[in-house]
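Asks: For reference, the chains in residue letters:
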Amino acid sequence: MLLRVDNLTKIYGRGARANDDLSLQVGEGEVLGLLGHNGAGKTTLLNQVAGLARPTSGTIVLDGRDPVADPAYARRVCALQLQAQAPLTGVTPRQAIDMLGRIRGGRRQRVRERTGQLLAALDITEWADTPGEKLSGGVRRLTAFCMAVVEPGRLVMLDEPTNDVDPVRRRLIWQQVRQLAADGCAVVVVTHNVTEAERSVDRVVVLDHGRVATTGTPVELRRRASGDLRLELTLTPGVAAPEPPSWATRTTVRGQHMVISVASAGAPQAIAWAQHLHASESVAQFVLNPISLEEIYVGLTGTSEEDHDAALAA
Amino acid sequence: MRHWLRSYLLLLRWHTIRLRYLLPLMLVIQTLLAVGIVVGFSFLLPTIDDATALYLATGAPTLGLITVGMVLAPQMVAQAKTEGTFDYHRTLPVPRSALLAADVTTWFATSLPGLALALFTATLRFDLDLDVSPLVVPAILLVALTATAIGYAISYAVPPAVANLAAQVIVFVALMFSPINFPADRLPGWLQAVHQVLPFQHMAEAIRGTLVAGAAGLDAVPFAVLAVWCALGLTVTLRVMTRRS
Numbered sequence: 001m002l003l004r005v006d007n008l009t010k011i012y013g014r015g016a017r018a019n020d021d022l023s024l025q026v027g028e029g030e031v032l033g034l035l036g037h038n039g040a041g042k043t044t045l046l047n048q049v050a051g052l053a054r055p056t057s058g059t060i061v062l063d064g065r066d067p068v069a070d071p072a073y074a075r076r077v078c079a080l081q082l083q084a085q086a087p088l089t090g091v092t093p094r095q096a097i098d099m100l101g102r103i104r105g106g107r108r109q110r111v112r113e114r115t116g117q118l119l120a121a122l123d124i125t126e127w128a129d130t131p132g133e134k135l136s137g138g139v140r141r142l143t144a145f146c147m148a149v150v151e152p153g154r155l156v157m158l159d160e161p162t163n164d165v166d167p168v169r170r171r172l173i174w175q176q177v178r179q180l181a182a183d184g185c186a187v188v189v190v191t192h193n194v195t196e197a198e199r200s201v202d203r204v205v206v207l208d209h210g211r212v213a214t215t216g217t218p219v220e221l222r223r224r225a226s227g228d229l230r231l232e233l234t235l236t237p238g239v240a241a242p243e244p245p246s247w248a249t250r251t252t253v254r255g256q257h258m259v260i261s262v263a264s265a266g267a268p269q270a271i272a273w274a275q276h277l278h279a280s281e282s283v284a285q286f287v288l289n290p291i292s293l294e295e296i297y298v299g300l301t302g303t304s305e306e307d308h309d310a311a312l313a314a
Numbered sequence: 001m002r003h004w005l006r007s008y009l010l011l012l013r014w015h016t017i018r019l020r021y022l023l024p025l026m027l028v029i030q031t032l033l034a035v036g037i038v039v040g041f042s043f044l045l046p047t048i049d050d051a052t053a054l055y056l057a058t059g060a061p062t063l064g065l066i067t068v069g070m071v072l073a074p075q076m077v078a079q080a081k082t083e084g085t086f087d088y089h090r091t092l093p094v095p096r097s098a099l100l101a102a103d104v105t106t107w108f109a110t111s112l113p114g115l116a117l118a119l120f121t122a123t124l125r126f127d128l129d130l131d132v133s134p135l136v137v138p139a140i141l142l143v144a145l146t147a148t149a150i151g152y153a154i155s156y157a158v159p160p161a162v163a164n165l166a167a168q169v170i171v172f173v174a175l176m177f178s179p180i181n182f183p184a185d186r187l188p189g190w191l192q193a194v195h196q197v198l199p200f201q202h203m204a205e206a207i208r209g210t211l212v213a214g215a216a217g218l219d220a221v222p223f224a225v226l227a228v229w230c231a232l233g234l235t236v237t238l239r240v241m242t243r244r245s
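Chains as they are written, first to last, in UniProt numbering: chain Y, 1 to 314; chain H, 1 to 245.
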């Protein structure tokens, strides 16, 4: 494992517990998606791995060494894209990416080539020579991404790299993330865009109040959820919701909308049941989908949010 | 050491590219300041004898260095902190001291045109004969470095809004209440005592002493006091730069 975090706890001066007994691993060639609400402790975790913050307790091993004892080493091994925008005032994307590649230790010729490749791969060559203050937020974010990965080191950590970026170029970012992993880097991506992450990450860690709420591949998480299919029914106005069938693992009704969790083995049964309701016109339409990671995520963090509120109220 | 030097040179280029768009503005400000002190202050004074001319002529470049190091530099640091540039640079795989050295070098280079302009204006206006000692180079370096080190220490240690206020206070104190443009004996006793400790008077004396060497010989005290302030400023700055939350 390139990065190994064990029982990491970080308590800030005011007593806020940003990370709470957190453990995770990332291997070479692996893309880890780090999900969680605002304030779940994602950025705090990255800062500790990159040697910018000191853990209260627990251990971090980065490529066999301790980044807490040797922060300069951590900065050499990690390429970190911060959540805040990179300093681009007065600088063009090409200059910024090129300079950062050199500062990160790259050779002149290689960095120049890589800069050109990245600009083309993310389709921002058009703005390559425009000063930073004239760029849109999205292009600035894409440039910051390039500045981090132009000389990626062994571990690349990206804090919400697709914010402000248009849908087409978001896909281009994810392609580059996959390419980094294919080249042997370990990649950690913090994102709120669960749907995108689902397509591109190998494994997911969901953080909740500084703790690991769950971890696994998207497929594993789906399997663990209460049934990995979802049957959504739109009820005909004025008609009462049908009785939940016995094979339904979970049923929710909100207004005209009824959602039933179904195990994949129960798919034929579910379709037959829905078709029957549709034929009798008690439902206007129905659709059967695999459960999305976003629903699992909301289920996980939403429930614990309620527990937390209940605990506070008690 | 090679890594340090490589980082330093690359960071120097990075800072230069980023600050290039500010340079014309800096030059204008410094020109106005230099000319303002030399010409403006002579309006305040009914007669200008040789001693007064000497103070104004050597005070102008000193104030130029103070303005760049203790006012403009900390204001830029405060802005960098607000914009996140400060945090960004903390993630770079370079020695912190190289980052600081490149920063300070950039500011020193920025203050040189103003310095030359101030001296040029003063010699024109007062028809002065300077007796420049070779020690003027280390003196200017030390004054510029000390001013920037103190400016940085303040702006790194306190929140941006406070740093901006502090910069305003510094320029006000330096301009009006420090024996830079006039002899110290015009100040009340207690303020003279304060200026024995503060760096302003010593900065002025280091510059004046090396621009007009004279027969009196060079006093070592200003250099010693400035070295202490410089070390203190750099220590605080580096401490804040390497601090981990």
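Any given hint could be a false lead.
[Claimed, not checked] Covered, in the sense of this in silico footprint (three residues per stretch, anywhere, with C-beta under 8 Å from a C-beta of chain H), are these stretches of chain Y:
1. 80-87
2. 118-130
[Stated by the list, open to error] Here are some, though not all, of the chain H residues that point toward chain Y, as calculated from beta-carbon distances under 10 Å:
3. Leu-11
4. Arg-13
5. Ile-17
6. Leu-22
7. Met-26
8. Thr-85
9. Arg-96
10. Ala-166
11. Arg-239
12. Arg-244
What the hints contain is simulated information worked out from the structure, not anything from laboratory work. Every residue, glycine too, gets a C-beta built ideally from N, C-alpha and C.
Asks: May I ask you to test the interface hint for Arg-239/H with respect to chain Y, counting a Cβ-Cβ separation under 10 Å as satisfied?
Replies: violated (14 Å)
Asks: Taking beta carbons only, do three or more residues of the stretch 80-87 of chain Y come closer than 8 Å to chain H?
Replies: Since three or more residues must qualify, the claim that chain H covers the stretch 80-87 of chain Y holds, with 6 doing so at under 8 Å.
Asks: Holds or violated: is the Cβ of Arg-244/H closer than 10 Å to a Cβ in chain Y?
Replies: Cβ of Arg-244/H sits 5 Å from chain Y, so the hint holds.
Asks: Given Leu-11/H was flagged as interface, is its beta-carbon under 10 Å from a beta-carbon of chain Y?
Replies: It holds, given that the least Cβ distance between Leu-11/H and chain Y is near 7 Å, below 10 Å.
Asks: Does Arg-96/H pass the interface check with chain Y, least Cβ-Cβ distance below 10 Å?
Replies: For Arg-96/H, the interface hint holds, since the closest Cβ of chain Y sits about 9 Å away, which is under 10 Å.
Asks: With a C-beta cutoff of 8 Å, work out whether three or more residues of the stretch 118-130 of chain Y approach chain H closely enough for the coverage to hold.
Replies: violated (count 0)
Asks: Under 10 Å, Cβ to Cβ, is where Ile-17/H needs to be relative to chain Y, so tell me if that hint holds or is violated.
Replies: Constraint on Ile-17/H satisfied, holds at 6 Å.
Asks: Checking hints one by one. Is Leu-22/H an interface residue toward chain Y, by the C-beta closer than 10 Å rule?
Replies: holds (8 Å)
Asks: Can Thr-85/H be said to touch chain Y, with a Cβ gap under 10 Å?
Replies: Holds, because the Cβ-Cβ distance from Thr-85/H to chain Y comes to roughly 4 Å (cut-off 10 Å).
Asks: Per the CB criterion, is Ala-166/H less than 10 Å away from chain Y?
Replies: Violated, about 23 Å.
Asks: Does the interface hint hold: is Arg-13/H within less than 10 Å of chain Y, judged Cβ to Cβ?
Replies: holds (7 Å)
Asks: For the restraint on Met-26/H, tell me whether the closest CB of chain Y is nearer than 10 Å.
Replies: Violated. Min distance 13 Å.
Violated hints for the displayed structure, listed by number in ascending order: 2, 7, 10, 11.
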